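2 protein chains.
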Amino acid sequence: MKRAAIVATGLTKFNKTEKPLDSIMLSAIKPIFENTRNLDQKDVDVVLTSTNANKNYLANIISELSGIKPKISHSVESLCNSGTNSLVSAYAYVASGLAETALVVGAEKTDNPGLVLNWDVSRGEFRHPIFWASMFASAHMRKYGTSLEDLAYVSVKNHKNALDNPYAYFEKPFSLDDVMHSKSLTENVRLLDCSMPCDGSAAVLICSEEKAMKYADNPIWITGIGQKTISASFTKNDDLASMESTKTAVTDAYKMSNKNARDVDVVELHDAFSVCEIIELEDMGFCQKGQGSKFVRDLYDTGNKKINPRGGLIGAGHPLGATGLAQVVEICQQLGGKAGKRQVPGAKTGLVHNMSAGSTSSTVLVLET
Amino acid sequence: MKRAAIVATGLTKFNKTEKPLDSIMLSAIKPIFENTRNLDQKDVDVVLTSTNANKNYLANIISELSGIKPKISHSVESLCNSGTNSLVSAYAYVASGLAETALVVGAEKTDNPGLVLNWDVSRGEFRHPIFWASMFASAHMRKYGTSLEDLAYVSVKNHKNALDNPYAYFEKPFSLDDVMHSKSLTENVRLLDCSMPCDGSAAVLICSEEKAMKYADNPIWITGIGQKTISASFTKNDDLASMESTKTAVTDAYKMSNKNARDVDVVELHDAFSVCEIIELEDMGFCQKGQGSKFVRDLYDTGNKKINPRGGLIGAGHPLGATGLAQVVEICQQLGGKAGKRQVPGAKTGLVHNMSAGSTSSTVLVLET
Chain L
46 MKRAAIVATG LTKFNKTEKP LDSIMLSAIK PIFENTRNLD QKDVDVVLTS TNANKNYLAN
106 IISELSGIKP KISHSVESLC NSGTNSLVSA YAYVASGLAE TALVVGAEKT DNPGLVLNWD
166 VSRGEFRHPI FWASMFASAH MRKYGTSLED LAYVSVKNHK NALDNPYAYF EKPFSLDDVM
226 HSKSLTENVR LLDCSMPCDG SAAVLICSEE KAMKYADNPI WITGIGQKTI SASFTKNDDL
286 ASMESTKTAV TDAYKMSNKN ARDVDVVELH DAFSVCEIIE LEDMGFCQKG QGSKFVRDLY
346 DTGNKKINPR GGLIGAGHPL GATGLAQVVE ICQQLGGKAG KRQVPGAKTG LVHNMSAGST
406 SSTVLVLET
Chain E
46 MKRAAIVATG LTKFNKTEKP LDSIMLSAIK PIFENTRNLD QKDVDVVLTS TNANKNYLAN
106 IISELSGIKP KISHSVESLC NSGTNSLVSA YAYVASGLAE TALVVGAEKT DNPGLVLNWD
166 VSRGEFRHPI FWASMFASAH MRKYGTSLED LAYVSVKNHK NALDNPYAYF EKPFSLDDVM
226 HSKSLTENVR LLDCSMPCDG SAAVLICSEE KAMKYADNPI WITGIGQKTI SASFTKNDDL
286 ASMESTKTAV TDAYKMSNKN ARDVDVVELH DAFSVCEIIE LEDMGFCQKG QGSKFVRDLY
346 DTGNKKINPR GGLIGAGHPL GATGLAQVVE ICQQLGGKAG KRQVPGAKTG LVHNMSAGST
406 SSTVLVLET
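Keeping their order, the protein sequence lines are chains L and E.
So in my numbering, spot 196 of the first sequence is number 241, and the numbers just go up one at a time.
So in my numbering, spot 12 of the second sequence is number 57, and the numbers just go up one at a time.
The hints are simulated quantities; they were obtained by calculation from the structure and are not laboratory data.
Hints are not guaranteed to be accurate.
[What the hints assert, rightly or not] Once the Cα atoms are required to be at most 27 Å apart in a straight line, the calculated DSSO-like pairs of lysine-lysine come out as: (1) Lys334/E to Lys351/E; (2) Lys386/E to Lys339/E; (3) Lys386/L to Lys58/L; (4) Lys75/E to Lys58/E; (5) Lys304/E to Lys300/L; (6) Lys47/E to Lys217/E; (7) Lys58/L to Lys75/L; (8) Lys47/L to Lys386/E; (9) Lys75/E to Lys334/E; (10) Lys259/E to Lys47/L; (11) Lys304/L to Lys47/E; (12) Lys87/E to Lys300/L; (13) Lys259/L to Lys300/E; (14) Lys259/L to Lys47/E; (15) Lys47/L to Lys47/E; (16) Lys58/L to Lys188/L; (17) Lys386/E to Lys300/L; (18) Lys300/E to Lys87/L; (19) Lys259/E to Lys351/E; (20) Lys47/L to Lys300/E; (21) Lys217/E to Lys304/E.
Remember, predicted model here, so these are calculated numbers, not experimental data.
One chain only, chain L, in its complex shape (with noise of 0.2 Å):
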């Protein structure tokens, strides 16, 4: 398998515009073409877009406008972890010869489908993911004794980390107070226990080791990645204070990039909803099954921006097209050195994890400088 870096990242502040979805794309896509030395329209041979808009024909559209007359283009699409999975995708193109460089861009509007998945009809309005969020956060408070307290603090962590990205769809912090007097939408969900969904972009251009020292001083390696699919329907996870999919794909990415967690500076995680962030943390091994609560109390307590360092999708907000790969830009800035204020010093390895539905499917990525 040939190597493939990372070598230019584009993001678009995340709100709610009046903006069309292509001209969001084409915000994220800018920044590359500028800041990339020798890069130039004809160079891209694939150009992949991942949203959950129903827009035929997306990467061609965005091609033409972008000036770009790539080989392979096409529009990838897997609800929340739509943005991974293009990004493996460009990842295999490059790794196995077919591209030398490839251009990713995910995006999405608030008014996308994507939100509800449409297969679960039988549950009427149980199938809106805040019930599947409320049967993890039973599970973990029943096994481990999680508070509601310890929920919030993942709230307050990542709206607190949200304040110095100037990208994040949140601009103002939020108290213990705010969230755990925040609307109740079940029983041990509040509003600010969510993630916004909300208007954004992000771009990542790939591109194999020969290409990435024409392009990059500094190009940002994918030594890891790990995927899998569980199921569509979230009934199918048998353990519901724990991620299937996440253990399995996070066993892969390490396995494939020799690391470990203790090996990990930082972390993009898939907080869609606080508890979340709490159970990744477990069964990504970076504590134990059950200490989560504690591990995000302690981070808070420090001021340690190891996880989530841009404010996660709680604090900076969820365009579902866009998540996986702003996660990815997050990465690529940390390791970079170039996170400014959210800078998590000397971090070498990196570490995404993006996840649909329920953790019905997950990405995790390792990234090294």
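Chain E: place on chain L using the hints.
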């Protein structure tokens, strides 16, 4: 780059039914598990779905319904060449070493979007593909003296070939007179010059060289791949009597496989409209430029099934997301000597040509025994 082979295929009858999209896909997948020795659901690393249907998380739904828990699953969309885009993506996963075995399934319902590219809104009713077909026909007539009768021969030949394809949408022959006097849609496109949208699904199992020997006695190797995107909008095509993306894609596919048109025994090409077959035969080197009409008449007069033996899109029907994969299924059957009455004797090397939206993008594949 690792080698990759097709070891099993599945297909449904092309028709118009009340069956939902996922049921049609499962019908195409079923024979793959029934007919492949040593294949178990747990062996499948990748599930890709290919469709223009606006179905979120479809690859996960199909995985769950099929009892598969793959590493990688997502949906791929690129209008009429979604099918070959998903196959090349699966090839990349296998060729890179990220996966050993990948299942690709494409399907369409007649009421799915994709027929009309809604990006070209300023064209009003002229967005419909009939109008780019008419522009191709006008240009080819002006430049090479092609006649309405020449166009009709493509339709007559492909409808005739479809009579030996039990999965084809059309089940009766059409005479030259039938085509010439079918309803005029433009001055040079008649109803029987057009492929017909319909329901249908096709599935392909692709795997590494090591696994190929486990699953099949006579795997079909993918030896050449060429893909090219010129634009999304039809107006970017410089010479309307030629297809720029097809010429680039076929050049790359021939180069990768070290073959040329003379080596190819059997072809499935994208005859969305009669004129397309004539232009594509010329642009892929099966005859001199301007000689496509004569080439088609010779095929018809001699009963030669080399080009579009299953009846092409015109005879077999055009379920968009399935079409590229159905073309691949036909070539695999031909190279495996299992094409029944459609068999091209001794076929060893086959070619698939699949394009979208007036050849604004094209895929060409070379397959070999």
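Hint check:
1. With a C-alpha separation of about 19 Å, the suggested pair Lys334/E and Lys351/E falls inside the 27 Å cut-off, and the hint holds.
2. The hinted pair formed by Lys386/E and Lys339/E meets the criterion: a straight-line CA distance of about 25 Å does not exceed 27 Å.
3. Annotation: proposed proximity of Lys386/L to Lys58/L holds, straight-line Cα distance about 17 Å (limit 27 Å).
4. For the given pair, Lys75/E sits about 13 Å from Lys58/E by alpha-carbon distance, which is consistent with the 27 Å threshold.
5. The suggested pairing of Lys304/E with Lys300/L is violated, with an alpha-carbon distance near 40 Å, which exceeds 27 Å.
6. Distance restraint check for Lys47/E and Lys217/E: the Cα-Cα separation of roughly 44 Å exceeds the 27 Å cut-off, and the hinted pair is therefore not satisfied.
7. For the proposed pair Lys58/L and Lys75/L, the alpha carbon gap of about 13 Å is at most 27 Å, so the pair holds.
8. For the hint linking Lys47/L to Lys386/E, the alpha-carbon distance of about 44 Å lies beyond 27 Å, and the restraint is violated.
9. Proposed proximity of Lys75/E and Lys334/E is contradicted: the alpha carbons are some 43 Å apart, above 27 Å.
10. Between Lys259/E and Lys47/L the CA atoms are separated by roughly 26 Å; this keeps the pair inside 27 Å, and the hint holds.
11. Distance hint between Lys304/L and Lys47/E is fulfilled; the C-alpha atoms sit about 26 Å from each other, no more than 27 Å.
12. Between Lys87/E and Lys300/L the CA atoms are separated by roughly 20 Å; this keeps the pair inside 27 Å, and the hint holds.
13. At roughly 26 Å between alpha-carbon atoms, Lys259/L and Lys300/E fall within 27 Å of each other, so this suggested pair holds.
14. In summary, the hint linking Lys259/L to Lys47/E is supported, as the alpha carbons are separated by about 26 Å, within the 27 Å threshold.
15. Straight-line distance between C-alpha atoms of Lys47/L and Lys47/E comes to about 11 Å, which keeps the hinted pair within the 27 Å bound.
16. With a C-alpha separation of about 39 Å, the suggested pair Lys58/L and Lys188/L falls outside the 27 Å cut-off, and the hint is violated.
17. The hinted pair formed by Lys386/E and Lys300/L fails the criterion: a straight-line CA distance of about 51 Å is larger than 27 Å.
18. Taken as a hint, the Lys300/E and Lys87/L pair is honoured in the structure, with Cα atoms around 20 Å apart against an allowance of 27 Å.
19. Proximity of Lys259/E to Lys351/E is assessed by CA-CA distance (about 31 Å); at most 27 Å being required, the pair is judged violated.
20. This hinted pair checks out: Lys47/L and Lys300/E have alpha carbons roughly 21 Å apart, not beyond 27 Å.
21. Using a Cα cut-off of 27 Å, the hinted pair Lys217/E and Lys304/E is violated, with the two alpha carbons roughly 36 Å apart.
Checked against the numbered hints given earlier, the structure breaks hints 5, 6, 8, 9, 16, 17, 19, 21 and satisfies all the rest.
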